[in-house]
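Below, each chain spelled out in residue letters.
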Amino acid sequence: MPDHRAVLVLADFNAANLASYLANDASAPLVRVQVAPMMRGVGLAAGHVDAAALDTVVLWTQPQHISHAFARLLAGDEVDPAGALDEVDAWASALEALAARARTVLLPSWVMPHAHRGFGLLGMRDHLGPVNLLMRMTLRLAERLAPHDNIFILDSQPWMQEAGGDAYNARLWHLAKVPFGNAVFKAAARAVKAAISAVAGESRRLVIVDLDNTLWGGVLGDEGWQGLRLGGHDAQGEAHVEFQRELQSLTKRGVILGIVSKNDEGPALAAIDRHPEMVLRAADFAGWRINWEDKAHNVTALTAELNLGLRSVVFIDDNPIERDRVRQALPEVLVPDWPANPLLYPNALARLDCFDLPAITLEDRGRQRAYRARAARQRTRDTAPSLDRWLSGLGITVRVEELSDANLLRVAQLLNKTNQMNLTTRRLAAAELRSWASLPQHKLWAFRVSDKFEDAGLTGLLSLALAGQDARIVDFVLSCRVIGREVEDAMLWHAVDYARGRGMARLLAEYVPTDRNSPCLRFFERSGFERLDHGLFGWNVGVPFGAPRHVTVQTLVER
Amino acid sequence: MELQDVRRTVFRAIDELNEQRPPAERIAPADDVRLVGFDGGLDSLGIVNLVAILEQRIEGDLHQSVSLIDDDVLADASRHFRTVGTTVSYLASRLGVRVDA
Numbered sequence: 000m001p002d003h004r005a006v007l008v009l010a011d012f013n014a015a016n017l018a019s020y021l022a023n024d025a026s027a028p029l030v031r032v033q034v035a036p037m038m039r040g041v042g043l044a045a046g047h048v049d050a051a052a053l054d055t056v057v058l059w060t061q062p063q064h065i066s067h068a069f070a071r072l073l074a075g076d077e078v079d080p081a082g083a084l085d086e087v088d089a090w091a092s093a094l095e096a097l098a099a100r101a102r103t104v105l106l107p108s109w110v111m112p113h114a115h116r117g118f119g120l121l122g123m124r125d126h127l128g129p130v131n132l133l134m135r136m137t138l139r140l141a142e143r144l145a146p147h148d149n150i151f152i153l154d155s156q157p158w159m160q161e162a163g164g165d166a167y168n169a170r171l172w173h174l175a176k177v178p179f180g181n182a183v184f185k186a187a188a189r190a191v192k193a194a195i196s197a198v199a200g201e202s203r204r205l206v207i208v209d210l211d212n213t214l215w216g217g218v219l220g221d222e223g224w225q226g227l228r229l230g231g232h233d234a235q236g237e238a239h240v241e242f243q244r245e246l247q248s249l250t251k252r253g254v255i256l257g258i259v260s261k262n263d264e265g266p267a268l269a270a271i272d273r274h275p276e277m278v279l280r281a282a283d284f285a286g287w288r289i290n291w292e293d294k295a296h297n298v299t300a301l302t303a304e305l306n307l308g309l310r311s312v313v314f315i316d317d318n319p320i321e322r323d324r325v326r327q328a329l330p331e332v333l334v335p336d337w338p339a340n341p342l343l344y345p346n347a348l349a350r351l352d353c354f355d356l357p358a359i360t361l362e363d364r365g366r367q368r369a370y371r372a373r374a375a376r377q378r379t380r381d382t383a384p385s386l387d388r389w390l391s392g393l394g395i396t397v398r399v400e401e402l403s404d405a406n407l408l409r410v411a412q413l414l415n416k417t418n419q420m421n422l423t424t425r426r427l428a429a430a431e432l433r434s435w436a437s438l439p440q441h442k443l444w445a446f447r448v449s450d451k452f453e454d455a456g457l458t459g460l461l462s463l464a465l466a467g468q469d470a471r472i473v474d475f476v477l478s479c480r481v482i483g484r485e486v487e488d489a490m491l492w493h494a495v496d497y498a499r500g501r502g503m504a505r506l507l508a509e510y511v512p513t514d515r516n517s518p519c520l521r522f523f524e525r526s527g528f529e530r531l532d533h534g535l536f537g538w539n540v541g542v543p544f545g546a547p548r549h550v551t552v553q554t555l556v557e558r
Numbered sequence: 000m001e002l003q004d005v006r007r008t009v010f011r012a013i014d015e016l017n018e019q020r021p022p023a024e025r026i027a028p029a030d031d032v033r034l035v036g037f038d039g040g041l042d043s044l045g046i047v048n049l050v051a052i053l054e055q056r057i058e059g060d061l062h063q064s065v066s067l068i069d070d071d072v073l074a075d076a077s078r079h080f081r082t083v084g085t086t087v088s089y090l091a092s093r094l095g096v097r098v099d100a
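Here the protein sequences come in this chain order: A and B.
Going by numbering that gives the first Met the number 0, the first sequence opens with residue 0, and the numbers climb by one from there.
Going by numbering that gives the first Met the number 0, the second sequence opens with residue 0, and the numbers climb by one from there.
The following block holds chain B by itself, in its conformation from the complex (with noise of 0.2 angstroms):
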């Protein structure tokens, strides 16, 4: 697996949760673009749906399963869902995937 891979699956993720946002809300599949915290678009149900889709995601299209949250949902969300971009590392990280390849 590639960090290739890891990018395409957390577009993928923001495909499908872009299709429960008004369109002028929706979140541009780019690195740069914040997620969580100040100015970011997702409030605390957005993460949680993020979250179990990026899930169910890593386990169809990945096929490893990971749970991507421990205790306190806010906090490690504002950490590792910061961006699009800090998604992909994140992920990359709990996956094994290395990030400068």
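Just chain A, same shape as in the assembly (with noise of 0.2 angstroms):
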């Protein structure tokens, strides 16, 4: 089963019900599911699991059973919370040495066990409430696993919201020891396999959306745009600025926006540039295909123009028949259902968990700009008489830097989510990509691209093994944002350079490929470099490799 992910659920209660729920739910990505034996407290971290050969380790534990002094004031007793956040800190130790031999660690937060309403008025007091005590446990353990990007606390709230009064089953709990009701279990493991696809880069990228109906009410040829139901005082108005605003905050965590509307372009841009209550204007989408034409095959053309795969690609619309035509045509674009009910769009799209990230960068938060400063690029591109001509006018400079602290985590999304120029498609997560890299006969850079519109920040990545005469190129990856500006050229450059210091004698690469990687092998066989074998390619090194004309190179790393 190459494509289901390994899961090994731990828990200090019956989680049986949890893993059958993640093991058989048709949605991607499967999972292949391992529980171990129930077990209490340190002990269940601890032990001798094979956390290495696993995607995603998800342990579930009870605070009373983490922590005695939790228990004792559950039972009534005065406790000094300082007891339980030591107790706290020994479980947060446990679970560091479990995080070290496991890719990914998945903790659902702690909540107040089944019917326990919390003492009413003491719930919160100092020393006596155990709701109070909980929060600062709960706070002590985020705080302790802050520094490690392998480790993500899950909260588990929403699920028990969701499960409403079936969040406990009393039958489940004394007959099975599993405390939870189904219904929690079955948002956990949809939460579960969220996660595993945020860590793993899966989250989609790009939302399209439709127009009429969708970001505003109405329909624009109809009423023109003074007559759209947008914002003032109507309950349908509002939840369309509302919808506006949610997706407006997608864009502050990397998702780009995109339109595809049945309607006449012209009119339709100045609807949205016009209609005072407007959230998002022009200027917020990174493309738009506004036009008559099939929606499928128009999603298919933005998405193509974004450099995009339509695995990165949600498709929001009112209609059915267009939601129906766009998921038949388009398996890999996510289709979500979409309420009748204007009033529930915000929620519906809230609800999404698909463009969840372990981690916000600053090239998250910068990518609708970097997109609208590619647009701009590009009609450069079109009106420059040459190739040439245009790159020289780019003022394109490339910063070549070590791994470090301060990039770990966007050198590890960037080799995680990049799909067309990798060569070898290689994932792992920080903490082992940071391991990999320590090692003596590794060596690992990352480049820094920026030109006259945009600094489009950390967007490339080169890794070497190096063996004997030869150095390997282990990762070759460069962002699609940048790709086709002789960045590409610079990383070799930069290669070449490096190995020739270290009097090597070659330099390789082995192009493994995917479905989505032809664009790395297109580079490599115009790139130089000569064919040694049918994937595999290579530059003696006693031959320096041609720096690329258009590109200033700033290479402040050690040799």
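Some chain A residues near chain B, calculated using beta-carbon distances under 10 angstroms:
| # | residue |
| --- | --- |
| 1 | N13 |
| 2 | A18 |
| 3 | A25 |
| 4 | L171 |
Label pairs and their in silico Cβ distance ranges:
| # | chain 1 | residue 1 | chain 2 | residue 2 | range |
| --- | --- | --- | --- | --- | --- |
| 5 | A | A5 | B | A23 | 19 to 25 angstroms |
| 6 | A | Q160 | B | A74 | 35 to 41 angstroms |
| 7 | B | E18 | A | L520 | 41 to 47 angstroms |
| 8 | A | S434 | B | R93 | 55 to 61 angstroms |
Don't read these hints as lab results, they were simulated from the structure.
For glycine and all other residues, C-beta sits at the position ideal for the given N, C-alpha and C.
If you follow the hints, you should be able to join the two separate chains into one complex; please do so.
Structure below.
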């Protein structure tokens, strides 16, 4: 089962129902689940688990089993919170040891034991209130684990809220030691899968929205932009504004926006820019296809224009026929069921978990701006007399830097999310990447790219494994945002230059094909590297690699 | 309430239970399908899940509250939940619905 992610479920209760939902849910990613025997306390995290062979460990505990002080408080005793926090520290240390052996550890957050209402008025009192202590314990754990980029606390409160009265089931608890109802485990399984996708860099990156009765209420062609339902003293109009705000907030988490709508482009863009209640303006969209053509065709074209894959796309449209058309024609695109009532739009968008990220980098926050810069750059390309003249006018600078704590998250994100210009499509969690790069026979550089239109940030990555006289390129990764501007050539020039400095004989690059990385093959075919075998390219390091003519390379690393 | 309401509730419970089962092991909603015992698909946790879901559905769909199992889960289960059909009959009897209607 090569496409299945391996997940280990550890818990201090019977977690078989969670495992069943995880294993039998047909949505991506598919998972293969093991459940370890039920165990309590620190031993749960310290057991003889071959965690390294697993993608993800889900470790779900109940607070009364981690902290005796908390258990005593629940029994009515007065306790010193410091004792409970010491116990949380001990638990955090055990988790740190586990995380050193696992790729990713997911911890559902603690909740009050079932049917415990927390002593009412005393619930938040220091020394007496279990709710007070549980909040402190949770915060302490979050603070202790914050430096670890492969441990994530999943907020379990939404699962409890979603389950409502079914969050706890006395029958399951007393007969099978299952402390939550199945509705909780179903929600938890969805959250775990979303987390696995997020850590693997499979989050969706482009939301394509319809206009009429989606971004705004009403039909532009019938009512004109003045007649649209948007804002004002109108519940539906307000809901559309709120929906736009939700879309806007996604752009601050690295998601870009596009429009596919059956309308005339001129009046539609005028409505977007003129309507006083519009939250989003044309500049907030990375691109659009506003015409009367088939929407599946338009989604494909817009996604290609933005250099993204269809697996990055979410398509939102009020019309079930259009949704069905895109779903049938483009199964890789996520087409969520969409409520008929516009009042439910903001919540429907907020509930999508496909945009989750393990971290937010500066590059994520600036992605929308980057796409706008890219459109401006493309306009200059369209009018430039030649490619050479265009490149020389861009003022491209590539800065080379070593892997560090400051750039680790972004480098790992780039490694895990890039598909097209990616030589081997190796995927590693941040901690694994750091560990790999720390070995003396390995070298890894990150590349920051800027030109006169934008600072694209850290968008390139190249790593080498040195063995004897050969240096082998392990990762050659470049964001699609900067492809085709000689940055690729600058990276190879840097690698050859390094290998020459180390007295190596050959620099090798073995292309590992996927269904999406053919741009990388095409680059190596024209790079000047000699094709030694089917997918193997090589450079005789005795010969310098030509420096890129239009790129200024700033090498600030030790040789 | 009629027997078909009870049967619908049991079938819905089976649908819900099937979400936890691999496609090849899903339980068909038919009276003669074995649930418990020889050739039955449910282990002890499966039985507990079925009972818990049924009790919830009876409350939610039929607005009644019953305890379907007393002391010995496996013994009770092998009597009442042997097949989908015996499960429907048992629920009907507990809810006071005429089986021969």
